[in-house]
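**Q** Read off the chains here:
Protein chains: 2
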Amino acid sequence: MNAEAALDHLRAHCREMPPVAAMQVEVDGYADGILRLTAPLAANVNDKGTAFGGSLTSLMTVAGWGRVTLGLEMAGETAEVYVADSSIRYLAPLRADLCAEAAFAPGESFETFLSTLRQRGRARIQVEAVVRLPEGGAATTLSGRFVAIAKR
Amino acid sequence: MNAEAALDHLRAHCREMPPVAAMQVEVDGYADGILRLTAPLAANVNDKGTAFGGSLTSLMTVAGWGRVTLGLEMAGETAEVYVADSSIRYLAPLRADLCAEAAFAPGESFETFLSTLRQRGRARIQVEAVVRLPEGGAATTLSGRFVAIAKR
Chain A
1 MNAEAALDHL RAHCREMPPV AAMQVEVDGY ADGILRLTAP LAANVNDKGT
51 AFGGSLTSLM TVAGWGRVTL GLEMAGETAE VYVADSSIRY LAPLRADLCA
101 EAAFAPGESF ETFLSTLRQR GRARIQVEAV VRLPEGGAAT TLSGRFVAIA
151 KR
Chain B
1 MNAEAALDHL RAHCREMPPV AAMQVEVDGY ADGILRLTAP LAANVNDKGT
51 AFGGSLTSLM TVAGWGRVTL GLEMAGETAE VYVADSSIRY LAPLRADLCA
101 EAAFAPGESF ETFLSTLRQR GRARIQVEAV VRLPEGGAAT TLSGRFVAIA
151 KR
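Protein sequence lines correspond, in order, to chains A and B. By our numbering, the letter at position 17 of the first sequence is numbered 17, and the numbering carries on one by one without gaps. By our numbering, the letter at position 122 of the second sequence is numbered 122, and the numbering carries on one by one without gaps.
Derived from the structure by calculation, the hints contain no laboratory data. None of these values were measured; they are calculated from a predicted model. Treat the hints with caution; some may be incorrect.
[Said to hold, decoys possible] Example chain B residues on the side facing chain A (calculated, C-beta under 10 Å, incomplete):
| hint | residue |
| --- | --- |
| 1 | His13 |
| 2 | Pro19 |
| 3 | Ala22 |
| 4 | Glu26 |
| 5 | Thr38 |
| 6 | Ala43 |
| 7 | Val45 |
| 8 | Asn46 |
| 9 | Val62 |
| 10 | Thr78 |
| 11 | Val83 |
| 12 | Ala84 |
| 13 | Asp85 |
| 14 | Ile88 |
| 15 | Thr112 |
[As the list claims (entries may be wrong)] Pairwise CB distance ranges, derived in the manner of DEER restraints:
| hint | chain 1 | residue 1 | chain 2 | residue 2 | range |
| --- | --- | --- | --- | --- | --- |
| 16 | B | Gly76 | A | Arg95 | 28 to 34 Å |
| 17 | A | Phe110 | B | Gly76 | 21 to 27 Å |
| 18 | A | His9 | B | Gln126 | 50 to 56 Å |
For each residue, glycine too, the CB sits at the ideal point set by N, CA and C.
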């Protein structure tokens, strides 16, 4: 599957998940190994007028899940992808629309992940995601481990 | 403020935050130091028919934030409460409505937290939250650090 078809597939997935649809998540695009998702502040605002921590984490988690799913689909694999664990840092309040970028963590090999999945039916990979501040720097970061399980 | 008034305050807060309202979060109750929040599976389901990871994390984060806010309000303090960081483990898929329980982490002293806030205008406390499986055991756990900043 090419990137555009895989992105459309991801968009359909996002629309079908009620909590993701409620956040008004948009799959912005994919380039240079980085998947970008956006969501408007208005649908994701907390009681302080800044981006809600849960929405920031959800968006980064979906971006990470989407990055792994996208990689597998582009490689012609169908697998269920789950988040296994994640660490999140909330560094600064965000008073703008949310944009999350997700990529495989430095040092991770997608090829190793893919060959492990094909050999053992199961593999895991570390993903990093960030929501940036409009003025530069990070609002929040996520480091998470995602597991893929081959569909029988 | 007594617990019931503080819980009503928390309910109003949850209704005012669009992403929390979309998750249909209910403040279930508070007893023995534990705050319980619930949310229906239907509004928080993923593409696999199980609870969406982002919703699980959001619910646990709001429960942790609520636990700290509740403690401060019952102690007569007004402060802004923020999540600073969190670690989440996704242990088993949940195919039922979500119920998160949050409490201060073992070894944490609310009295120390409160006196630090009063002396320095800022304090942090570790909170643990869990969403249990109907059959027993945990679906997800969160360990997070929350910061309170006194209102001037």
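**Q** Against this structure, judge whether each hint is valid.
**A** Hint check:
no.: 1; hint: His13; result: holds, 5 Å
no.: 2; hint: Pro19; result: holds, 5 Å
no.: 3; hint: Ala22; result: holds, 4 Å
no.: 4; hint: Glu26; result: violated, 15 Å
no.: 5; hint: Thr38; result: violated, 15 Å
no.: 6; hint: Ala43; result: holds, 5 Å
no.: 7; hint: Val45; result: holds, 6 Å
no.: 8; hint: Asn46; result: holds, 5 Å
no.: 9; hint: Val62; result: holds, 6 Å
no.: 10; hint: Thr78; result: violated, 13 Å
no.: 11; hint: Val83; result: holds, 5 Å
no.: 12; hint: Ala84; result: holds, 6 Å
no.: 13; hint: Asp85; result: holds, 5 Å
no.: 14; hint: Ile88; result: holds, 5 Å
no.: 15; hint: Thr112; result: violated, 23 Å
no.: 16; hint: B:Gly76 x A:Arg95: 28 to 34 Å; result: holds, 30 Å
no.: 17; hint: A:Phe110 x B:Gly76: 21 to 27 Å; result: violated, 54 Å
no.: 18; hint: A:His9 x B:Gln126: 50 to 56 Å; result: violated, 40 Å
In summary, the structure is inconsistent with hints 4, 5, 10, 15, 17 and 18 from the numbered list given earlier, while agreeing with the others.
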